[in-house]
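Below, each chain spelled out in residue letters.
There are 2 protein chains.
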Amino acid sequence: MQYASWMETLGEGFIGEILKAAQNPSMISFAGGLPALELFPDQELQRCFQRVFEEQGKSALQYAQTAGHPQLREWIAQQHKRNGKPVSMEEIVVTTGSQQGLSLLAQTFLDPGDVVFVETPTYLGAIQAFQGFRAQMIMIPCDEQGIIPEELETLLKEVTPKFLYIIPNYQNPSGKVMGLERRRELLRVAQAYDLLVVEDNPYGELRFEGEGYPDLIDLGENVIYLGTFSKVLAPGLRVGYVVADTDIIDHLCLTKEGVDLHSNNLTQRAVFEFLKEGLLPAHIQKLRALYKERRGAMVEAIENYLGDDVDMIVPSGGLFLWARFKKINNSFDYVQETIRQNVLYVPGALFYPDGRVTSEVRLNYSCSTPEMIEEGVQRLARAMQA
Amino acid sequence: MQYASWMETLGEGFIGEILKAAQNPSMISFAGGLPALELFPDQELQRCFQRVFEEQGKSALQYAQTAGHPQLREWIAQQHKRNGKPVSMEEIVVTTGSQQGLSLLAQTFLDPGDVVFVETPTYLGAIQAFQGFRAQMIMIPCDEQGIIPEELETLLKEVTPKFLYIIPNYQNPSGKVMGLERRRELLRVAQAYDLLVVEDNPYGELRFEGEGYPDLIDLGENVIYLGTFSKVLAPGLRVGYVVADTDIIDHLCLTKEGVDLHSNNLTQRAVFEFLKEGLLPAHIQKLRALYKERRGAMVEAIENYLGDDVDMIVPSGGLFLWARFKKINNSFDYVQETIRQNVLYVPGALFYPDGRVTSEVRLNYSCSTPEMIEEGVQRLARAMQA
Numbered sequence: 001m002q003y004a005s006w007m008e009t010l011g012e013g014f015i016g017e018i019l020k021a022a023q024n025p026s027m028i029s030f031a032g033g034l035p036a037l038e039l040f041p042d043q044e045l046q047r048c049f050q051r052v053f054e055e056q057g058k059s060a061l062q063y064a065q066t067a068g069h070p071q072l073r074e075w076i077a078q079q080h081k082r083n084g085k086p087v088s089m090e091e092i093v094v095t096t097g098s099q100q101g102l103s104l105l106a107q108t109f110l111d112p113g114d115v116v117f118v119e120t121p122t123y124l125g126a127i128q129a130f131q132g133f134r135a136q137m138i139m140i141p142c143d144e145q146g147i148i149p150e151e152l153e154t155l156l157k158e159v160t161p162k163f164l165y166i167i168p169n170y171q172n173p174s175g176k177v178m179g180l181e182r183r184r185e186l187l188r189v190a191q192a193y194d195l196l197v198v199e200d201n202p203y204g205e206l207r208f209e210g211e212g213y214p215d216l217i218d219l220g221e222n223v224i225y226l227g228t229f230s231k232v233l234a235p236g237l238r239v240g241y242v243v244a245d246t247d248i249i250d251h252l253c254l255t256k257e258g259v260d261l262h263s264n265n266l267t268q269r270a271v272f273e274f275l276k277e278g279l280l281p282a283h284i285q286k287l288r289a290l291y292k293e294r295r296g297a298m299v300e301a302i303e304n305y306l307g308d309d310v311d312m313i314v315p316s317g318g319l320f321l322w323a324r325f326k327k328i329n330n331s332f333d334y335v336q337e338t339i340r341q342n343v344l345y346v347p348g349a350l351f352y353p354d355g356r357v358t359s360e361v362r363l364n365y366s367c368s369t370p371e372m373i374e375e376g377v378q379r380l381a382r383a384m385q386a
Numbered sequence: 001m002q003y004a005s006w007m008e009t010l011g012e013g014f015i016g017e018i019l020k021a022a023q024n025p026s027m028i029s030f031a032g033g034l035p036a037l038e039l040f041p042d043q044e045l046q047r048c049f050q051r052v053f054e055e056q057g058k059s060a061l062q063y064a065q066t067a068g069h070p071q072l073r074e075w076i077a078q079q080h081k082r083n084g085k086p087v088s089m090e091e092i093v094v095t096t097g098s099q100q101g102l103s104l105l106a107q108t109f110l111d112p113g114d115v116v117f118v119e120t121p122t123y124l125g126a127i128q129a130f131q132g133f134r135a136q137m138i139m140i141p142c143d144e145q146g147i148i149p150e151e152l153e154t155l156l157k158e159v160t161p162k163f164l165y166i167i168p169n170y171q172n173p174s175g176k177v178m179g180l181e182r183r184r185e186l187l188r189v190a191q192a193y194d195l196l197v198v199e200d201n202p203y204g205e206l207r208f209e210g211e212g213y214p215d216l217i218d219l220g221e222n223v224i225y226l227g228t229f230s231k232v233l234a235p236g237l238r239v240g241y242v243v244a245d246t247d248i249i250d251h252l253c254l255t256k257e258g259v260d261l262h263s264n265n266l267t268q269r270a271v272f273e274f275l276k277e278g279l280l281p282a283h284i285q286k287l288r289a290l291y292k293e294r295r296g297a298m299v300e301a302i303e304n305y306l307g308d309d310v311d312m313i314v315p316s317g318g319l320f321l322w323a324r325f326k327k328i329n330n331s332f333d334y335v336q337e338t339i340r341q342n343v344l345y346v347p348g349a350l351f352y353p354d355g356r357v358t359s360e361v362r363l364n365y366s367c368s369t370p371e372m373i374e375e376g377v378q379r380l381a382r383a384m385q386a
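Quick mapping for you: the protein sequence lines, in order, are chains V and E. Here full-length UniProt numbering is used: the first residue of the first sequence is 1, the next is one more, and so on. Here full-length UniProt numbering is used: the first residue of the second sequence is 1, the next is one more, and so on.
Calculated directly from the structure, the hints in this document are not laboratory data. Keep in mind the model is a prediction, meaning the values are calculated, not measured.
Which copy is meant is left open, so a pair is good if it fits within one copy or across any two.
Below, simulated EDC-like cross-link-like pairs (lysine to aspartate or glutamate); rule was C-alpha separation at most 16 Å, straight line:
hint, residue 1, residue 2
1, K286, E209
2, K286, E38
3, K327, E337
4, K58, D42
5, K58, E44
6, K326, D308
7, K58, E38
8, K292, E211
9, K85, E74
Make a model of the complete structure from these sequences and hints.
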């Protein structure tokens, strides 16, 4: 038995491990990226599924178009602009979550060894998706607003990547936001070097304070946008999408044909019903309020129980808080100790394609109550003293 | 903009074209592989989805395990044997249809240029999946029972493929069935050369006459089995699975993590409800009766309207009839003529990785009434005279 050589570059499937460990009821998990279960609009969704069965019945169970359910694509198109202009449904492909968007992009653009630029640190699911297509990832230095345009430009003079992958809003894992002027500078550099920018925006709507900024795809050329309903609706439905020019969408569809033919037909129609009813904005308001409260609880608990032992970036939205444990050297090795204390985080090393040793950790607050967050941070503090 | 080099090897996305053309209401399409819409058990499925919402509610909307919903995996495991022994749920991964199974296998096993053995002809979706990972496909000569073991052995002395891909029951596109003795011979050769066999079985339950044979995975070692609920339940739900030893399943899950994290949680649970209720066997009986009638209608219409102009293989199950138009040289070029007559088939060339010129066509009879089948074959006959 001989597997493909890229599999040797993989770790132990940590995301899968997280999803499993998160199912142990005595574990307080700050590790996953799970939305708050209690806010899932299950009754509304139940009605939406029922309506699809009653009104569209059997046709919702048949094979469907690779690019996605036309009405859903149309709805998504209306939410976006590309370089200031309206988007048409031909510029949309529906994917099974943003994760599939990442994987389709990698498969569609990358030859083995091709270079992809990423933020420092970057989303570990993106690292996995790109590894699956033998990418060579190069980390671009970042400051508190993300990618530093001058550093990007310096590297672009030496290397030609297939694309740059960034999360401009409440970045995973760092929680950072890219400001408007930075977005414009980044796009100026991208345009000058004909650089394709992949903008991943799962958390943009989950804003606690401050203003929101326009999407990169709205501000310039050469941007591919990844959207998802996982964080604002329900991840178990696996509905995301890509916005890009039609030539790129057509190529992504060709790839998707070989990968899974098309996304779940019934689910796409039910999600469209939910959106059509206009149920999303009020739901997002609920999410913002709850996550803001939980973000506050985590910041407070860290100040109270870990205090000067930790540096943290207080996020103004999203699901994650990025912190550095000053008293340890390697947060990866430390996972075993915290698991003994029944608390889980994701070690920072997993967000660096080079797997560097770091004392950073990613802490998720969206799926724990303030009480659980306080208890969990106390457990972290206990682990720290062990 | 530079796409990955493998994309240049692709045709024009014919499966996607089929799915689109099939939506033109005046077209009689023998081209798709669509199950009969009118038999979809939409009311039973509606109840199953409703029950999941009522009894499991929000947990069905959360992120879930990469390998699939445990109860569904357990149910699937009980339907199969591996080399005569019971299968455990650890030997199952749930996929978004068999197409994803093919793509995951290709990604997990193939380095660029690796060789895959296929039947002559073979399923065009498999060709697409394998192309997506830069496979070199070699066609093994076939007779009326599929792969000829002696020919396979001859090639194995020269070339070492990563795996052999076959559809032993009502093969797509040829409709052929591999008999029991042939299955055993094939596995003897596979064992002698340590050859991995990928057994794809979407149509095995759709038997019109004759006896069914044991699955290859039940008869020997080194078999990976692809199953799906697309043809016996509903393709729009995108639920399939892979059965293999746990090491292979673990590797497929690592790949799947990067590809889409996991399959639709809600849908997996609803499909499990359907299966648990024992609704599948009676439904399969209905499918067999309907498809047998339609197969008969197509054979009769071909005899009546095309007669000696056509050679065909009368299938004893499945969805497809494979035929050769004696009066034309290239059924690919002929598509435009038949589209003018509002009838669609898949030209045989698409089922050969070398894209050879052939007068063969694949005709699907599952989603057309006997009247439509008669009318469609008449249109084919008219196209032939044009």
